[in-house]
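**Student:** Join the two chains, each given in its own frame, into one complex according to the hints.
These protein sequence lines are chains A and B, in that order.
Residue numbers for the first sequence follow the numbering used here, so the first one is 1 and each next one is one higher.
Residue numbers for the second sequence follow the numbering used here, so the first one is 1 and each next one is one higher.
Do not rely on the hints blindly, as some may be mistaken.
[Stated by the list, open to error] Lysine-lysine pairs mimicking DSSO-like chemistry, simulated, CA-CA at most 30 Å apart: (1) A:K60 - B:K14; (2) A:K60 - A:K77; (3) A:K68 - A:K56; (4) A:K52 - A:K77; (5) A:K77 - A:K100; (6) A:K100 - A:K68; (7) A:K100 - B:K9; (8) B:K14 - A:K105; (9) A:K68 - A:K52; (10) A:K77 - A:K56; (11) A:K52 - B:K9; (12) A:K56 - A:K105.
[As the list claims (entries may be wrong)] Label-pair distances were calculated between CB atoms; the ranges are: (13) B:T15 - A:E8: 21 to 27 Å; (14) B:L79 - A:T12: 39 to 45 Å; (15) A:E8 - B:P83: 26 to 32 Å; (16) A:S14 - B:G53: 30 to 36 Å; (17) A:S58 - B:G3: 39 to 45 Å; (18) A:G1 - B:A82: 24 to 30 Å; (19) B:I54 - A:V82: 39 to 45 Å.
If you're looking for bench data, these hints aren't it; they were derived computationally from the structure.
For clarity, every value in this text was computed on a predicted model and none was experimentally measured.
Yeah, the Cβ is synthetic: ideal placement off N, Cα and C, and Gly gets one too.
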Amino acid sequence: GDSVTQMEGPVTLSEEAFLTINCTYTATGYPSLFWYVQYPGEGLQLLLKATKADDKGSNKGFEATYRKETTSFHLEKGSVQVSDSAVYFCALSDRGRDDKIIFGKGTRLHILP
Amino acid sequence: NAGVTQTPKFQVLKTGQSMTLQCAQDMNHEYMSWYRQDPGMGLRLIHYSVGAGITDQGEVPNGYNVSRSTTEDFPLRLLSAAPSQTSVYFCATGQESNQPQHFGDGTRLSIL
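For reference, chain B alone in the conformation it holds in the complex (with noise of 0.2 Å):
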């Protein structure tokens, strides 16, 4: 019973270069959603989605893009990487739109 599964767990790039950060989940679960979490600012919401084909953005969404082509994977994409989304970035789903219940083990990124 896999969960939620987040690749890689760790990851070094360069300013500018871009990278997507998986997300794949064996629930059915409708609800998807992306945070990032910094030290002493909790977790802030950059995506989610409420299904295939439906995304939206959250509190932090600048520099970050998603899809949601099937109810398995939710990816997120950085296009242009910079040192500000040095983080440690979570996935979360749901049976409850905006009721985060099952998380991933986490990715942590750094930008140099």
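Same shape as in the complex, but just chain A (with noise of 0.2 Å):
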């Protein structure tokens, strides 16, 4: 079945450091694909998304691109700030499929100032 992986956290980096979250998939029709996140004590927002290939969704400095051929949709940022530290979790919702949405584990960043 349809699934996301996400690289295991916590990812602990320094305050103006490059990121990136790495986030592969599986499934078996025409992905949309997500990236949330979640600020402690808080439920989730939607950060960006990308609903085919080679898209790239982008909000607040981040971005992350749909890579069909790598099945990948990676979140990177160029300048972390300590306000970045938060939950980040990956997902997809699979229209070829039963278009249900599917997150993966949840990464956590921790940046220091």
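**Tutor:** Here you go:
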């Protein structure tokens, strides 16, 4: 079945460092891909999405490109801030299958000042 | 602008008790969904709805019921609570099916 695999955390970086959080997926249909962010004590927020191959989603300095050839959707940011400390979830919704959303297990990010 | 409101925020139940987790939205979104979040498991979809009068099962529906009589409300019912249902529960809405955009702040539920 469909699945999402994220790099295990926690990931600890210094402020202004470059961030990459890896996400790969398996899907039988034509998935849409998402990144969500969860700040401490809050619900998730949709960060960005891409609905077809080669699309790039971007928001708040974060980017991710839908790579069908490598089945990946890695999250990147050029210069992280302390306020980016959170848990990040990769997810897919596969319209060719049953269209139910599937989340990865999450990657905790710590940014040190 | 309330967005998605979940009540209660915290609840402790004894095994076998029943309760309803409330979810209300003021954005007129057709899509609503319930998830549970457990350590190391990410979020798992329990039930979802694509509009009033329509509900469907997600990945982990057993032990939970839902109904959608209005666009605004999507309650989640535990008929007979079990310790395995101890979790944090999130409700979410969206403009498109299976693309949750807005999440509530969660309900932390403990079953003793």
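**Student:** For each hint, tell me whether it holds in the structure or not.
**Tutor:** Results of checking the hints against the structure:
1. A:K60 - B:K14: This hinted pair is violated, its Cα atoms lying about 43 Å apart.
2. A:K60 - A:K77: holds, 9 Å
3. A:K68 - A:K56: With a Cα-Cα distance of about 12 Å, the restraint between K68 (chain A) and K56 (chain A) holds, given a limit of 30 Å.
4. A:K52 - A:K77: holds, 21 Å
5. A:K77 - A:K100: Between K77 (chain A) and K100 (chain A) the Cα gap is close to 28 Å, so the pair holds against 30 Å.
6. A:K100 - A:K68: The given pair, whose Cα atoms are some 20 Å apart, holds under the 30 Å limit.
7. A:K100 - B:K9: holds, 26 Å
8. B:K14 - A:K105: holds, 29 Å
9. A:K68 - A:K52: This hinted pair holds, its Cα atoms lying about 9 Å apart.
10. A:K77 - A:K56: holds, 13 Å
11. A:K52 - B:K9: violated, 37 Å
12. A:K56 - A:K105: holds, 22 Å
13. B:T15 - A:E8: 21 to 27 Å: Violated, at about 33 Å.
14. B:L79 - A:T12: 39 to 45 Å: At 43 Å between Cβs, range holds.
15. A:E8 - B:P83: 26 to 32 Å: holds, 27 Å
16. A:S14 - B:G53: 30 to 36 Å: Given a distance of about 52 Å, which is not inside 30 to 36 Å, the answer is violated.
17. A:S58 - B:G3: 39 to 45 Å: violated, 23 Å
18. A:G1 - B:A82: 24 to 30 Å: holds, 25 Å
19. B:I54 - A:V82: 39 to 45 Å: holds, 43 Å
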